Amino acid sequence: MSPDRRSWIHAWLLLMPAAIVLIGFTYYPAVGTVVESLWTNGTVIRPSKFAGWDNYAQVLGDPVFRKVFRNTVLFALGTVPPAITLALLMALWVNGGLAGRALVRLAYFTPTILPMIAVANIWLFFYTPGIGLLDQIGHGLGVEGHNWLGDADTALACIMVMTVWKEAGFFMIFYLAALQTLPPDLIEAARLEGAGRWTIFRRITFPLLMPTTLFVLINALLNSFKLVDPLFVLTKGGPDNATNLLLYYIYETGFSFFDGAYAATLTVVLLTLLAGIALTQFAVLDRRIHYR
Amino acid sequence: MSHLEIRGLSKQWGGITAVKEVSLIAERGSFTVLLGPSGCGKSTLLRMVAGLEEPSAGHILIDGRDVAHVDPAKRGISMVFQSYALFPHLTVAENITFGLRVRKVPKAERNRRLVQVAELVDLSAYLDRRPAQLSGGQRQRVALARAVIAEHAVCLMDEPLSNLDAKLRHAMRMELRALQRRLGMTVLYVTHDQTEAMSMADQVALMNGGTVVQSGPPEVLYKDPATTFAARFLGAPPMNILPLRPVMGGMALAADPLDRPLMRATLPDGCALGLRPEDLILAPNAPQAPGLPVSVISEDYHGADTVLGLRITSTGSADPHDPKGEILVRLPGRVSAERQGIQRLSWRDDAARLFGPDGKKRDPSPRIPPPQGPAQEPE
Ligand SMILES: Nc1ncnc2c1ncn2[C@@H]1O[C@H](COP(=O)(O)OP(=O)(O)OP(=O)(O)O)[C@@H](O)[C@H]1O
Ligand SMILES: [Mg+2]
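Top line first, the protein sequences correspond to chains E and X.
Per the numbering used here: the first sequence = residues 1 to 292.
Per the numbering used here: the second sequence = residues 1001 to 1379.
Take these hints with a grain of salt, some might be off.
[As the list claims (entries may be wrong)] Here are some of the chain E residues that sit facing chain X, going by a computed Cβ distance under 8 Å:
| # | residue |
| --- | --- |
| 1 | P81 |
| 2 | T181 |
| 3 | P183 |
| 4 | L186 |
| 5 | R191 |
Rather than coming from a laboratory, the hints here were simulated on the basis of the structure.
Given the structure is predicted, the values throughout are model-derived calculations rather than measurements.
Beta carbons: idealized from backbone N, C-alpha and C, even for Gly.
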């Protein structure tokens, strides 16, 4: 065996463990999903046959998908900006010289440490009609009880509030880290020039935090499109799909209705959306926010 | 431009006293340098004047108005930071006019002043760049322009040249001084570099351990240091401090093996003589020659001059391995290290300074000529 060939074999042997895992759990399923989305769902009686774009046409005509998609967009709009704003406010707040700030930081960060399922269970207790915390407080104030999660008008908002609560602390950590790397000289120079707190924030701090904001924004958006766990605990997508989000709908389609082909199609749609979001954000924002 | 006065200014942090009752006057249009070793409280003093640090006690008067507890923006000062503190996301033009925009100066006026100042510091071609796209010297100029454009009464600078290389530093020193003269700015300038202080200052305030040790024009500080600290801090190489001891008939250099008295008076223990390296005279050894017998133990050539390390010989054979009691002398040109053997070290009559045991200059300072003539044998 020539030494050249032997080193090739070595190279492949070294690559193999990683390659097997990547191919087995990432590339093959990804390609498989795309392929499956182009075929009909096979059963014992009716074997799977090539469908072309039929599945995608079905997505466009599917009223549930339209509702779920609308929910997901609403959910993203309703959770991402508030979570980021809240994270920034908390970071600015605990970055200052406030007494016992280590404790406050920890308190803000706690929701992040909890698993989503646990968080959902906590909030389930808040929202439960009659005996839940919200209704008990409302009771004390003389307000009538409300089935927060059972009402199609309030259910999605309830899940949004809970998500903001859970995510903000996590994003705060990134802002806090970024704030601590800002040179204090810059703030002092601005102060000497007569800039007040708000001007300093608007003209100096916020622009310098832009790289962090971009990072947080992308993560928050991707998270919001991938959110699924609290739905299992809180609403199961109901009432009447009012809280059904894309990933949960895919799960339902695949594992409750056993329509693998349609679930694969929805997955491809979701992945395309996510890739689109990430690319757009990088392309649009990246140009404007890197100074160094 | 304006008159700045500091009265009894102090700053403590918990138990640490960074600045202790400093008083200082900077005349209108003058260039005052705060000079001192690292950690002596220069920056703290400057930051108190800027309003970035709250004084523990004392007053800061700008044109007679006490601003010690006034908001920094309302003191009428501008500042150049050591790091330049340029805003990385703004262009050079936006950086320079930042303060004007904050103070809502109309756009036409802003642009007029920008053009003027950019011309002044030679930045006109770089107004659209970001700080990251500039060289160190250009960044320094942007920081300067930002301080100048405000047309404030007083300009503070904290080691503004310390991030530049030696050549650029020299050029910027000249530029800065010229600019200050042209605009008639009152500048308070912090540095630990004595060359900067000597070359730019109208007045140097030498600090040590949180207090001003001596202040005055640089030539006075150099010629007439008030303490041994001032004597050793200014000048490179520093002033030689030679201890004295009492002998028969007066005081002699502790290192003089022949115990020849330099003066009649009897002084307390611990007094010392200060001699600048350039004031020392080295002559060939002769039995009748004045001065001390020395031998050369080191040589440091600088181009224009050579600094020799000398040691007083007692028996004529020097021990070159004992650097203790080394006396430095500066001689013009290249001096050959081959000058082996014994030399005579003396000085001009008016060159010597006398310091007391507390390190302070003794007044009035007598004229102390070098020990004279025939080497008497000790009795
Ligand atoms: N925020 C602070 N808290 C406590 N002590 C401080 C603080 N800032 C400075 N000091 C102390 O005050 C003293 C003076 O510091 P300062 O920064 O004024 O020195 P400096 O003369 O500017 O030195 P350098 O030439 O190194 O910049 C130092 O001993 C320093 O440790
Ligand atoms: Mg300093």
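_Let me make sure I understand: some of the numbered hints might not hold for this structure. Which ones are they, in numerical order?_
The structure breaks hints 1, 2; every other hint is satisfied.
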